[in-house]
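Engineer: Just so you know, the sequences run in chain order X and C.
Numbering of the first sequence is given in my numbering, commencing with residue 1 and proceeding in unit increments.
Numbering of the second sequence is given in my numbering, commencing with residue 113 and proceeding in unit increments.
If you only want the chain X side, here are some residues facing chain C, beta carbon under 7 Å, derived: (1) K42; (2) G43; (3) M99; (4) F102; (5) G104.
With a cut-off of at most 30 Å between alpha-carbon atoms, the simulated DSS-like pairs for lysine-lysine come out as follows: (6) X:K57 with X:K111; (7) C:K169 with X:K71; (8) X:K68 with C:K154; (9) C:K154 with X:K57; (10) X:K58 with C:K154; (11) C:K195 with C:K154; (12) X:K68 with X:K57; (13) C:K190 with X:K42.
Source of the hints: derived by calculation from the structure; they are not laboratory data.
For every residue, glycine included, the Cβ atom is placed at its ideal position computed from N, Cα and C.
Here are the chains, one letter per residue:
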Amino acid sequence: GENVEQHPSTLSVQEGDSAVIKCTYSDSASNYFPWYKQELGKGPQLIIDIRSNVGEKKDQRIAVTLNKTAKHFSLHITETQPEDSAVYFCAASLNAGNMLTFGGGTRLMVKP
Amino acid sequence: EPEVTQTPSHQVTQMGQEVILRCVPISNHLYFYWYRQILGQKVEFLVSFYNNEISEKSEIFDDQFSVERPDGSNFTLKIRSTKLEDSAMYFCASMRQGVSGNTIYFGEGSWLTVV
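Next up, chain X with everything else stripped away, as it sits in the complex (with noise of 0.2 Å):
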């Protein structure tokens, strides 16, 4: 089955700079990779998905690229704020609605 590691998994960085976030898989037929948000005592959120189509994917400060040949994709968040301290999953499965494979997750902390 599906295998996704996620380095690293903890995170620092200074208010203001870029973080990113690496992940691979395992199964060549996966499509869809999403990137999840927790924040403390609440559920995942969604905050950027790419399918297996495109290559780069941007909403404001945050980016997604998906390398398909070599089986890893990547979180950029730019402009760092406090706010975005939280743990961030990637996923990978074979199409939005299959089982979600999740990366172990990495802990970001954004020092103001």
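For chain X, the structure is supplied; the task is to place chain C on it using the hints.
Structural biologist: Just chain C now, kept in the frame of chain X:
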């Protein structure tokens, strides 16, 4: 913004007891899911449900687990005879297939502690 609601937020139960976790998915959604997260571990898929039947399930979802949509609004996860290792946060999620793409919305979770 519409949201997935889960009850209870926290439940403590004796080993061997039955537990029912309840979820109210977003009203016009058609696909429903349960995931769990053991403390310090990855979020894991349990089961997906569509058109009143299970569409996909993981190895974790064995005979002690069952799901039901007893009416038009609730979606429940039942654990028949709880074990210590069932202690985890259980997340319900739902999805509506839309023209703009599919988005899975998660609830805030039910924290189950088996003692």
